[in-house]
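Novice: Knowing the structure of chain F, use the given hints to seat chain X on it.
Number of protein chains: 2
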Amino acid sequence: MVQNNSLSTHKLPFQQLAQVPFTQVFIEDKFWSARMKALQKTTLKACLTQCEQTGRISNFAKAAGLMDGEFEGIFYNDSDVYKVLEGIAYSLMNEPDAELEAEADKVIDFIAAAQEEDGYLQTYFTLAEPDKKWTDMNKHEEYCAGHLIEAAIAYYQATGKRKLLDAAIKLADHIDALFGPNKRHWVSGHQEIELALVKLYLETKEERYWKLAYWFLEERGHGHGVGYSWDRADWGAAYSQDHLPVREMSTVTGHAVRAVYMYAGMTDVAALTGDEGYLGALDRLWDNVVNKNMYITGGIGPSKDNEGFTSDYDLPNQSAYCETCASVAMILWNHRMNLLHGDSKYADIVEREMYNGALAGVSLSGDKFFYVNPLETDGSHHRVEWYNCSCCPTQIARFIPSIGNYVYAVNERQIVINQYIAGIGSLQVGNEGVTLKQETNFPWDGTVTIRVEESGETPYDLLLRIPSWCKNFTLKVDGEAQTHPSMHNGYVKLCRAWKAGMEIELVLEMPVQKVYAHPLVIENTGKVALQRGPIVYCIEEMDNAAAYEQTIVSPHTRFQAVFEPNLLEGVVTLYAVGGSPTDTFQAIPYYTWDNRDSGKMRVWLPEAKVEAALYEIQ
Amino acid sequence: MVQNNSLSTHKLPFQQLAQVPFTQVFIEDKFWSARMKALQKTTLKACLTQCEQTGRISNFAKAAGLMDGEFEGIFYNDSDVYKVLEGIAYSLMNEPDAELEAEADKVIDFIAAAQEEDGYLQTYFTLAEPDKKWTDMNKHEEYCAGHLIEAAIAYYQATGKRKLLDAAIKLADHIDALFGPNKRHWVSGHQEIELALVKLYLETKEERYWKLAYWFLEERGHGHGVGYSWDRADWGAAYSQDHLPVREMSTVTGHAVRAVYMYAGMTDVAALTGDEGYLGALDRLWDNVVNKNMYITGGIGPSKDNEGFTSDYDLPNQSAYCETCASVAMILWNHRMNLLHGDSKYADIVEREMYNGALAGVSLSGDKFFYVNPLETDGSHHRVEWYNCSCCPTQIARFIPSIGNYVYAVNERQIVINQYIAGIGSLQVGNEGVTLKQETNFPWDGTVTIRVEESGETPYDLLLRIPSWCKNFTLKVDGEAQTHPSMHNGYVKLCRAWKAGMEIELVLEMPVQKVYAHPLVIENTGKVALQRGPIVYCIEEMDNAAAYEQTIVSPHTRFQAVFEPNLLEGVVTLYAVGGSPTDTFQAIPYYTWDNRDSGKMRVWLPEAKVEAALYEIQ
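Chains F and X are the protein sequences, given in the same order.
Numbered as in numbering that gives the first Met the number 0, the first sequence ends at 617 without a single skipped number.
Numbered as in numbering that gives the first Met the number 0, the second sequence ends at 617 without a single skipped number.
Don't read these hints as lab results, they were simulated from the structure.
Here the structure is a predicted model, which is why all the values come from computation and not from measurement.
Check the hints yourself; a few may be wrong.
For identical chains, the list gives no copy identity; a pair is met inside one copy or between any two copies.
Stated by the list, open to error - Derived lysine to aspartate or glutamate pairs resembling EDC-like cross-links, with alpha carbons at most 16 Å apart: (1) K169 to D108; (2) K344 to E615; (3) K291 to E615; (4) K291 to E610; (5) K513 to E615; (6) K475 to E563; (7) K162 to E102; (8) K475 to E502.
Just chain F, with the same shape it has in the complex:
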């Protein structure tokens, strides 16, 4: 494994935990390796092909003067190319692929060539409106820059190649020269640059990058915003999260992806500065989105109109917008919150998104995508091969191979296991190296074996996340039941002088669970959703043709959870066994819907309740 970035394993000043980057985590997991393989073999190539066919790549060649022609597509299309490159970078870590790397290098050559002398890089303006650069805050120039920076760092970490990183640094310096204290005002119309600049600081140790990120955040809420988004009377500044200084925000507003990218950037800045205004705002915003504005799948942003938030508890099922991008954004933010606070509740959200809202964004075959992820459909909603605005396909393309980032976190004397994904983690605790090997069939089975493969002399703690859905578990160390483990922020904490060969067995029980929505989510009144482990289930018409519309969960309904290797590439499917045709049905994981014949789907099922029983079992 390549390991170029030593800084990223260091804790930021106000973080409880340090990031363990994907470069140090090798994934060899029945569930995720299959998804990563589909991603590398199909999705990334499909995205590259689409980027070629839609002019997204040739826009760079044109801007570089290497070929003739006008700009094609939408002004922010460069970002899709960057995101595909970022996905390629992550995927090369787990599975080297010379052909794919060569193709990426070729694209990178175009990108570097397209960069202007002063560092400017956005092919739309270079080709179509060279005089209008940095005049409209909604034209995503800094958004594209952010994605370039993220792609460049990932590609450098994965391959050691600096060409894209150098271009990114040059562009960052260009932006840093234009904007900042006593320079021009700029309210980013599509946040992304903030978290990217912090990443660039971590890679380069140049403090001015994170300070510029801080500045970008502080620009908001002072009336500096100008552009299309601000002018729409029905949206106003709240759409762009520019209605208040960020430290004064308490409720989520506007475009969901932009909002959550911003919260992620705020979390980075809080981790660097300890800014109490940011810490307070983040806690309030997190509570507001997670406890009042999130679908059970982790989806956020119910409205198609603003691609974003509406009002608390407004979570309609059929018209749910729930961009795939927004679910991935929730992962980016919650991962940072986990590092900041060391609390497992944020990793619970990462898990919820990983196995549901985000993963649903790509077909099992890897070449079809959802932009919008409703929780119910009349049969008219389907994955497609590409979108004019293809942020979501390229978002999932960069997310899936990056999951190594979310497995572990560390500090001077603790290793935190946030996600149960089989493979090997090469970790550093204090000054000593520790290698852990996870074996598991998660999420289908809750048994996880963690073996210490290498360890130093100094004792340290191993913290294992007990997911919020898990009400029952058993824990053994070297075969011995740990009946009195201490719980700490949702983790069981095992303090030992760990030695190579020691083994932990954690069994997370996974009954089918009924989930009820808050009574103010009026569309789910009288309805129940089914979950097993982290997986949210849905029913599809094709499995339940006889009584699809009448399907209910009744007090008599019992569930058989059966792993079927030949169904949907191998899933645990739920057979509901009731006393009548209506409460006898089959449910599949939500993330696998619309992978077979098209038809109706729903997550929330009506529930037939009896009169209050003397004893209600939960």
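Specialist: Only chain X this time, still in chain F's reference frame:
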């Protein structure tokens, strides 16, 4: 195995299912064999010794003129001796014991010798008030007769010896000569004779016995009752279930054991006659007791004052009376309701009582007993070796070895498996013999293997009860998942041409479940009980000394269910793991409480709730 009673495998005219008696069910079960062994080796001998030391046995010798002396003890004490003999009979089926049988024979000789010429048999009246026979309806003469009949039939079925049966028949004929249409009125002050007379009919095929049982039931509610119970102004006729004709009853009243013995007798008569008045009343009474008047342990009768029922939802924990006898009575009644209707909901109650309310009645050592079974104590309530009124010790002594009666039921084309207890059932389906072998570690583990050891040519159905607590199960036949089994009255129904060697694997998932009481059970407001499989748990002070009084279940509490072979003869104990000392505790099965150092105990624990979450997992 002895098999004397062919009638008892035949369905009564209005039954869905026929009884499979204990004589055809060999128990070899980790859980129950240990309890049965303690019963045989300790409990039965302890009861015999107590009966000897308290004059209960010598009363018979005195009445027979074989020794001098006055009647000792309470007027109904004969019944305890009969119940011990019944227990010995059942226990000899699973584990022959020549010494025990010889002792029983000796006692039987006394009993037979004590019987008067005309068949009368109650040593109290023979010795103390020979002129007052059959003058006070509250003196339990027909109650004792009922227990003699039950003991006699069991002893005959187990050993083939008729002496006690002949005495029982002679007594039944004596009663039949005195009472019945156009003879004397008699309202039984402690019901029991009714179900016993039906048993005697099944054994002898003499129809007049069940008709006399019917007559006894019909006597009630017409103002014929006379005696102490009726005269107490604060009780009235409702105490004796004599306030209404039985067919008009809808709510449970009065003395719990007497009431439920009566319901059992009514169920027998309904199974023989199809009397719609009885069928309706039984449904109403069952609903009233199970859905409004039963503790989570299956205990019934909250009040010490009347040893019985009060008002709906009045279920206090500390002052809960819950006689052990009443829990066993619930088993007798619910078993009959199961045979009558073929519905598993009655077998669910049998299970609830078997593993909780009834089983708590005897110590693990087998020589200490609870009469009263509260759900919470300040540390003052303990098992003792004997009571002046020792109905409960002798009740548990006859119940535990009889559990073979509750495992299977059959009809012309179905075998029903009601209880998961390892061992061998020799069954008759239509005209063919079927042998089933169950293997399981129930109730600690939900995996049950059922192998067909012998089978005939004709296809039949196997019905497996899915307990009401079980929300998740898997089912295989010969290794093949049965994903679409049909459910019928709470059973999965497997229709096959069963052949020797075929094997069913049923896995009943057993997470720790939180149970909430109906809001009208005011004492349990804000409280939760813990259950795993059929086992209700409690906390004892000795396991939780540090924070016993502060113990709560919080939203952070997770559970580890751990089998500990050296704890309480081997139990699954629950380790609650929370974030603080108050939500970190250990719970043990309710039936095992007060088997170690004495102290406080409670079943219902306060629950710390958070604000309504966006998604509530159940």
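Novice: Decide, hint by hint, whether the structure agrees.
Specialist: Consistency of the hints with the structure:
1. K169 to D108: Within. Shortest intra-copy distance 15 Å satisfies the 16 Å Cα cut-off; inter-copy 109 Å does not.
2. K344 to E615: between (27 Å within a copy, 15 Å between copies)
3. K291 to E615: Close across copies (13 Å), not inside one copy (26 Å); limit 16 Å.
4. K291 to E610: For K291 and E610, only the inter-copy Cα distance (12 Å) is at most 16 Å; the intra-copy one is 29 Å.
5. K513 to E615: This pair counts as both: shortest intra-copy Cα distance 13 Å, inter-copy 8 Å.
6. K475 to E563: Answer is between: at 14 Å across copies they meet the 16 Å cutoff, but 29 Å inside does not.
7. K162 to E102: within (14 Å within a copy, 98 Å between copies)
8. K475 to E502: within (8 Å within a copy, 33 Å between copies)
Consistency note: the structure conflicts with none of the earlier hints.
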